[in-house]
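Chains P and W, in that order, give the protein sequences.
Take the first sequence: its position 37, counted from the start at 1, is 37 in the numbering used here, and no numbers get skipped.
Take the second sequence: its position 98, counted from the start at 1, is 98 in the numbering used here, and no numbers get skipped.
I should point out that these hints are in silico values taken from the structure, not numbers from a laboratory.
On a predicted model such as this, the values are computed, not experimentally measured, just so you know.
Where is the CB? At the ideal position from N, CA and C, for every residue including glycine.
Check each hint, because a few of them may be wrong.
What follows is a list of derived Cβ distance ranges for each label pair [claimed, not checked]: (1) P:P61 <-> W:K112: 33 to 39 Å; (2) W:N57 <-> P:P39: 26 to 32 Å; (3) W:I20 <-> P:K13: 40 to 46 Å; (4) P:L83 <-> W:Y39: 23 to 29 Å.
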Amino acid sequence: KAGVTQTPRYLIKTRGQQVTLSCSPISGHRSVSWYQQTPGQGLQFLFEYFSETQRNKGNFPGRFSGRQFSNSRSEMNVSTLELGDSALYLCASRIQGYTDTQYFGPGTRLTVL
Amino acid sequence: DQQVKQNSPSLSVQEGRISILNCDYTNSMFDYFLWYKKYPAEGPTFLISISSIKDKNEDGRFTVFLNKSAKHLSLHIVPSQPGDSAVYFCAASAGGSQGNLIFGKGTKLSVKP
Numbered sequence: 001k002a003g004v005t006q007t008p009r010y011l012i013k014t015r016g017q018q019v020t021l022s023c024s025p026i027s028g029h030r031s032v033s034w035y036q037q038t039p040g041q042g043l044q045f046l047f048e049y050f051s052e053t054q055r056n057k058g059n060f061p062g063r064f065s066g067r068q069f070s071n072s073r074s075e076m077n078v079s080t081l082e083l084g085d086s087a088l089y090l091c092a093s094r095i096q097g098y099t100d101t102q103y104f105g106p107g108t109r110l111t112v113l
Numbered sequence: 001d002q003q004v005k006q007n008s009p010s011l012s013v014q015e016g017r018i019s020i021l022n023c024d025y026t027n028s029m030f031d032y033f034l035w036y037k038k039y040p041a042e043g044p045t046f047l048i049s050i051s052s053i054k055d056k057n058e059d060g061r062f063t064v065f066l067n068k069s070a071k072h073l074s075l076h077i078v079p080s081q082p083g084d085s086a087v088y089f090c091a092a093s094a095g096g097s098q099g100n101l102i103f104g105k106g107t108k109l110s111v112k113p
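Here chain P stands alone, though its shape is the one from the complex:
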């Protein structure tokens, strides 16, 4: 079975721009979560989508948003980019339940200049 895929793998943007990242979950997985990894804060939860609905949300500003499509693929969007948004953005999928194991993709490295 193919793993979680994320595109693009690398992105360079400038302050004020907006960016959209894409995630395709493992086949059969209906839940997709997004995490941000930075050297200072570590891995932090952004949000989770299940059946096209946001099921859970972390403590991030409204500039960070996401959505999920009927095929479980998910996108996250960051508007009005700030330098501090430079990070590795990781997507994780699981079958559906809260105790199902989350499997991570390789991440998208976003650099904001």
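Guided by the hints, dock chain W onto chain P, whose structure is given.
Using the frame of chain P, we list chain W on its own:
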């Protein structure tokens, strides 16, 4: 306030010996714990998990121990191999109420030949 703490940023072990990675948590609502391994420029790879109803779970060379009264868990790798060199993250979730993972800051394990 960090709910999941990995107090050792790094650990160096000789090949063939035991590696013990430690993790402490503060939230008594956590009922599901996982260990992930991460190589640079890759997403975390799931290693092993344990539910709060157990105190030990084994999978090959990896064993996780949970001490609920001390709010402490540990990952034992026996025997350690050079390929185990990576950053190890401990994660926890309060599965009954929300499924997002709370991660520790990680421990970098170096296994020397």
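Status of each hint after checking the structure:
Roughly 43 Å separates the CB atoms of P61 of chain P and K112 of chain W, a value that falls outside the hinted 33 to 39 Å. At about 31 Å, the beta-carbon gap between N57 of chain W and P39 of chain P stays in the expected band of 26 to 32 Å. Here the CB-CB span from I20 of chain W to K13 of chain P is close to 42 Å, well matched to the stated 40 to 46 Å. Look at L83 of chain P against Y39 of chain W: about 26 Å separates their beta carbons, and that is inside 23 to 29 Å.
Hint compliance for this structure: hint 1 is the single one not met.
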